[in-house]
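Visitor: Here is how the chains run, residue by residue.
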Amino acid sequence: MSGVRVLVGTRKGAFVLTSDAKRERWDVRGPHFAGWEVYHLKGSPAEPNRLYASQSSGWFGQLIQRSNDGGTTWEPVGNRFVYEGVPGTHQWYDGTPHPWEFKRVWHLEPSLTDPDSVYAGVEDAALFRSIDGGQTWQEFPGLRGHASGPSWQPGAGGMCLHTILLDPSHPGRIFVAISAAGAFRSDDAGKTWRPINRGLRSEQIPDPTAEVGHCVHRIAMHRSRPNVLFMQKHWDVMRSDDAGESWREVSGNLPSDFGFPIEVHAHEPETLYVVPIQSDSEHYPPEGRLRVYRSRTGGNEWEALTKGLPQRDCYVNVLRDATAVDSLDPCGVYFGTTGGQVYASADAGDGWAPIVRDLPAVLSIEVQTLP
Amino acid sequence: MIRVALPAHLRTLARVSGEVQLDLQGRPTQRAVLDALEARYPMLRGTIRDHVTQRRRAFVRFFACEQDLSHELPDTPLPDAVAIGAEPLVILGAMAGG
Chain A
902 MSGVRVLVGT RKGAFVLTSD AKRERWDVRG PHFAGWEVYH LKGSPAEPNR
952 LYASQSSGWF GQLIQRSNDG GTTWEPVGNR FVYEGVPGTH QWYDGTPHPW
1002 EFKRVWHLEP SLTDPDSVYA GVEDAALFRS IDGGQTWQEF PGLRGHASGP
1052 SWQPGAGGMC LHTILLDPSH PGRIFVAISA AGAFRSDDAG KTWRPINRGL
1102 RSEQIPDPTA EVGHCVHRIA MHRSRPNVLF MQKHWDVMRS DDAGESWREV
1152 SGNLPSDFGF PIEVHAHEPE TLYVVPIQSD SEHYPPEGRL RVYRSRTGGN
1202 EWEALTKGLP QRDCYVNVLR DATAVDSLDP CGVYFGTTGG QVYASADAGD
1252 GWAPIVRDLP AVLSIEVQTL P
Chain B
218 MIRVALPAHL RTLARVSGEV QLDLQGRPTQ RAVLDALEAR YPMLRGTIRD
268 HVTQRRRAFV RFFACEQDLS HELPDTPLPD AVAIGAEPLV ILGAMAGG
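Residue numbers (the working numbering), protein chains in the order written: chain A, 902 to 1272; chain B, 218 to 315.
Hints may be right or wrong, so weigh each one.
Unchecked claim - Listing some non-contacts, in silico: residues in chain B with all C-beta distances to chain A over 12 Å:
#1 A222
#2 L286
#3 E289
Stated by the list, open to error - Restraint ranges, calculated between C-beta atoms of paired labels, are given here:
#4 R228(B) / P1170(A): 40 to 50 Å
#5 T293(B) / P1187(A): 56 to 66 Å
#6 P1000(A) / A256(B): 22 to 32 Å
#7 L290(B) / Q1039(A): 28 to 38 Å
#8 R244(B) / A1048(A): 48 to 58 Å
#9 P1051(A) / A311(B): 26 to 36 Å
#10 G996(A) / A311(B): 25 to 35 Å
Hints listed in this document are in silico derivations from the structure and should not be mistaken for laboratory results.
Think of the CB as a built atom: it goes at the ideal place given N, C-alpha and C, for glycine as much as any other residue.
The task is simple: from the sequences and hints, build the whole structure.
Guide: Here you go:
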């Protein structure tokens, strides 16, 4: 019987939640790497029991952990992330040049086909890859070395490369997103990059339609239609139908067009999920009501999903990597909160229930659908 | 024989309990101890000092014989009591909350 494995990264360790396909009863294992921040963990699409985890702490730095048994046991692999050549500078918060300094791995994206190949998006923003199962890491310097690199500035959470999308129909095509530089695309397997931010508008930067400088929070795609991208930006939900060449706003009737994650239904490429958040500084659900919003029309028209979610006195946040879907039918949707709850819906968002309520603050959620 | 006391998180990472004992040739220094420690426990590379610059991570401290040796140069000889194994070199995470 098929099942689901939910990989949860938190401020104080990682957890692995498993269930059968009914998604009613859950087994909770963890914490793994107790006391460490686990920004992200993700499984290989080619070998689901091969998992990678980003483990870090302010004291002892960055570690990468690898599991070959679905998260039961782990082994540390390589943690040497060194920028190619002379790192140069980007802009600091005050506008002065600041040397590129490695801080942590925000996101791990395993190859679609090779379990030993995995990409790492890091702070300060750069893209690395390992082709030996995480033992060694090499940077793609063409991204950080883009002519606009010296003008990139960190967002409030740091200058992080947080989104990596591998195009399943164009093997050399990679999309990444950086806060607060914007979205970039490579069509030659990471050698060269160009910004893909036309149509974005950010009133918080001197030129609201600049080529770079936009605080992109997350990008999502459906693997059957990789030219269609959906973006949750610092403000605005955006859509591209041409692989990022141009974007248009699809925020529609959302109660707030600020938020962090965005997700696409596993079987319906025009069905999207966002979690609107009140901002610029509150970073909790509008009116204290935790609502996932779903669009079945690829944006613009949104419905609030509230059944099973707290509709009063709720002041948690849902971070950019903290939503995921499974590929069962009906599609399961999952998200984690900074209050430590992991909510699951086994009916595409119509109803929700917590799998766990009291974990450390959730940083990331990934879901594997198991045979 | 040099005794090294690791912080709990690094003992877990290296899968050791209690102190680590290292055999070094010559007069022990911080650099020599860390070189030997990382050679035996490669998973500790990058957790105590930077991979490239070899500088101590900001929130890691080195204590021995009730002294803070954190700001000593890496090639300064360690105290005699550490060199003969009477006292451990204590590596610890700075008291910094979190």
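Visitor: If a hint holds in the structure, say so; if it doesn't, say that too.
Guide: Now the hints, each set against the structure:
1. At roughly 15 Å from the closest C-beta of chain A, the C-beta of A222(B) stays outside 12 Å, upholding its exclusion from the interface.
2. For L286(B), the condition that its CB be more than 12 Å from all CB atoms of chain A holds, with the nearest at approximately 17 Å.
3. Every CB of chain A lies more than 12 Å from the CB of E289(B), the least distance being 20 Å, so the non-interface label holds.
4. Range check, R228(B) to P1170(A): Cβ separation about 49 Å, and the 40 to 50 Å hint holds.
5. Roughly 58 Å separates the CB atoms of T293(B) and P1187(A), a value that falls within the hinted 56 to 66 Å.
6. At about 30 Å, the beta-carbon gap between P1000(A) and A256(B) stays in the expected band of 22 to 32 Å.
7. Separation of L290(B) from Q1039(A) is about 32 Å and conforms to the stated range, judged on CB atoms against 28 to 38 Å.
8. For the pair R244(B) and A1048(A), the beta carbons lie near 51 Å from each other, so the given range of 48 to 58 Å is met.
9. Under the hint 26 to 36 Å, the C-beta atoms of P1051(A) and A311(B), about 33 Å apart, fit the expected range.
10. For G996(A) paired with A311(B), a C-beta distance near 31 Å keeps the hint of 25 to 35 Å intact.
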